[in-house]
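Just so you know, the protein sequences line up as chains A and B, in that order. Take the first sequence: its letter number 170 is residue 170 in UniProt numbering, and every next letter is one higher. Take the second sequence: its letter number 200 is residue 200 in UniProt numbering, and every next letter is one higher.
Mixed in with the good hints there might be a few duds.
Pairs involving identical chains hold if they fit within one copy or between any two copies, as the list cannot separate such chains.
Here are the simulated DSSO-like cross-link-like pairs (lysine-lysine), alpha carbons at most 27 Å apart as the crow flies [as the list claims (entries may be wrong)]:
id	residue 1	residue 2
1	K144	K50
2	K50	K203
3	K109	K212
4	K116	K269
5	K2	K340
6	K50	K116
7	K2	K122
8	K116	K203
9	K225	K144
10	K170	K225
11	K50	K2
12	K225	K340
13	K115	K97
14	K225	K268
Derived from the structure by calculation, the hints contain no laboratory data. From a predicted model like this one, the values you see are computed outputs, not experimental measurements.
Number of protein chains: 2
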Amino acid sequence: MKAEILCVGTELLLGDIVNTNAAYLARELAAMGINVYHQTVVGDNPGRLKEALGEAFGRAELVIMTGGLGPTYDDLTKETVAGYFGREMELNQPSLKAMEDFFSCRNMKMSENNKKQAMMPKGATVFANHNGTAPGLAVEGEGKIAILLPGPPQEMQPMFQEGVRPFLMKYSGQIILSHSIHMIGIGESALEQQMRESMLAHKNPTIAPYAKQGEVLLRVTASAKTREEAEALLRPEVEAICREYSEYVYGVDVGDLQHALVAELLKKKRMVATAESCTGGLVSKRITEVPGSSEVFECGVCSYANRIKSQILGVGEETLAAHGAVSPETAAEMAAGIRKLSGADIGISVTGIAGPGGGTPEKPVGLVYIGVDSEPLTTVVRHQFGSRRKDGREYIRYVAASNALRLALQAAKLF
Amino acid sequence: MKAEILCVGTELLLGDIVNTNAAYLARELAAMGINVYHQTVVGDNPGRLKEALGEAFGRAELVIMTGGLGPTYDDLTKETVAGYFGREMELNQPSLKAMEDFFSCRNMKMSENNKKQAMMPKGATVFANHNGTAPGLAVEGEGKIAILLPGPPQEMQPMFQEGVRPFLMKYSGQIILSHSIHMIGIGESALEQQMRESMLAHKNPTIAPYAKQGEVLLRVTASAKTREEAEALLRPEVEAICREYSEYVYGVDVGDLQHALVAELLKKKRMVATAESCTGGLVSKRITEVPGSSEVFECGVCSYANRIKSQILGVGEETLAAHGAVSPETAAEMAAGIRKLSGADIGISVTGIAGPGGGTPEKPVGLVYIGVDSEPLTTVVRHQFGSRRKDGREYIRYVAASNALRLALQAAKLF
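The following block holds chain A by itself, in its conformation from the complex:
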């Protein structure tokens, strides 16, 4: 079955918000073996929305729409779809009830215009919204299916999993299964150059590299009748790649560095603590965004001022005087200091120059020292990250944090 994603919202068209829904739906549909060849965004305009809907159904049998289910007067997706399928609107009592419960359990007053959200095209399949007010729905007719979902991702995503996925399963064809090999320290272009032949050679499974910020994700995808067949196709390929690129690979299907690190620390029953300068808490933020991280994260100190580096982390004033805050010596003492202070098994430190200001010829923007202090591994790594990007500061902070997480992961694996 061919599908298209049609996202509705003037705020998308004006660029006021980023369209994360298209990415989420595309990923989920691909995993169900439903091919998406087209994504479209149109504004809250009934005319253009109807036109886009017609074009989409001209190319595909399934059109999944997000947005325009809100309570406000410019939310018109349902009405437009009802018009397209020639259905009348009617009040859906269960939806109204659910909405009233939603507000009462929050001690909030339901505003009049929320009622609009309980109106449905006749014959629609309604998907309950357990995380917001707007229910979703599916309208079927003449071999076409329109699925309408709310715009907010925290409402749309669970609704897709709980309602839409089961609804679509009966239409889905082959199983498509992927494994993601996560690498850091190698560029996409270099990797593609090395792997080009095998990428072109492989048809099932296919191999494709995707550049993430400072990382490369190698996605190996197989399609088969059953999950087991797909796995049998994938396993040898994934193992071969992991062997060949072992110095870059930090995990398979691990999601990201922080999830890989927390999982490893939980496995080894070890604790980590962070001492950050230029990353300003980004390392601890990324570790603690993982549920359950409180089991493995002891504490973090974010020390911009040198006084704090000495006072709390115990970095020697003479060290700071002789080598400066951005130096391997300071990084080493920060890592040792936070480990000692916290009693954690692994101390991680980051000190560098994120820019845009603060660079010198000797210590340019993008220079970052990352330290680790632990039983099995104690070292400092020097990085010089690109500094010419417009978003240099955020980029440098992010990849610095990524490399700190990677170093912590390397230490954790040695326990």
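On the provided structure of chain A, position chain B as indicated by the hints.
Using the frame of chain A, we list chain B on its own:
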């Protein structure tokens, strides 16, 4: 002039990356008075790309494309556009030179396939890429303009500002000017209900609410011949709204809470320090992502373990024993403790239960206490954030951090 945005990339179609380029370009074009009514995403497939390009030019005179300019064999945007306009490809020497410099100044070896990126359709206007290897380009013919930009935002955005913006200026019509009124603590639906009449009444300027995570942004937009005329239309409207919603408004055109806070602290020459539990460094991360924040950010302590709360922040063990880590008493002592430890003018603390685990009937997931300790303002605010969302943990951490930044901003304004 009507424009469309056409983003190319199988990784977009598969949902491996989120399409931030469409949002960026839409915003920039709107600000130039160029209307975008359509955004499309297609994969790295010459046939479908050519078809999408034809459809786009059927509706618009300007099509801005991103992606598919990379060095790899599946990057085909340039070739497809050349085919559409009936142009041959030729090697662009300046682009080749720039690319060689890019690699040499990074002590990297240029791979053979990068040379492909210097090939251009005959007669194209080339936009230099100062942040990557792929140059951008514009191809004009028969009243149509195609602009091709690289996919990576950190390359595409500066190229748009330096090359594309000036290139497009000559086509732009009216000035469109917006002011963004940033609010926190009021819901979009409630706001829209209150403002509905005036939103419908206003044609120029227009007023539109956009929900951000835990915030509402009210965008007031005027179009006029000159910037001055637009300003004259906007000013009274913006001032009236700020007066009416003063308890929720934290700034106009301030970008976000952390930029508003750093700007206020710089103005007042005051320092802030943070003590975080459930936000795990997110507050300090958001403050320090603002360039120049080192002038106003003293330090941050992220204390998961109670021992750290006592040892470093000086929270009384009896306080923790009597009231627990998630309590107004602990929040107050954390704020006072970090202020004392750092010598900052404002101490901010966050302690709460981000979930998914750790909730109890007395202290459910989403309960967060935020404390501020400063000369003009010392208080603790209790929040109970929704906990039923799938992305509950990230949502709770984010809005908790937002409210901490807001409280710090309130204190800073009182100096």
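Cross-check of the supplied hints:
1. K144 <-> K50: The answer is both: 15 Å in one copy and 26 Å across copies each meet 27 Å.
2. K50 <-> K203: between (38 Å within a copy, 24 Å between copies)
3. K109 <-> K212: Between copies only: 21 Å across, 43 Å inside.
4. K116 <-> K269: neither (52 Å within a copy, 50 Å between copies)
5. K2 <-> K340: neither (58 Å within a copy, 62 Å between copies)
6. K50 <-> K116: Classified as within: same-chain Cα gap 20 Å, cross-chain 41 Å, threshold 27 Å.
7. K2 <-> K122: within (25 Å within a copy, 37 Å between copies)
8. K116 <-> K203: For K116 and K203, the Cα distance is within 27 Å only across copies (24 Å; inside one copy 49 Å).
9. K225 <-> K144: Classified as within: same-chain Cα gap 25 Å, cross-chain 46 Å, threshold 27 Å.
10. K170 <-> K225: within (15 Å within a copy, 56 Å between copies)
11. K50 <-> K2: Classified as both: same-chain Cα gap 19 Å, cross-chain 19 Å, threshold 27 Å.
12. K225 <-> K340: neither (54 Å within a copy, 64 Å between copies)
13. K115 <-> K97: within (10 Å within a copy, 62 Å between copies)
14. K225 <-> K268: For K225 and K268, the Cα distance exceeds 27 Å both inside one copy (38 Å) and across copies (66 Å).
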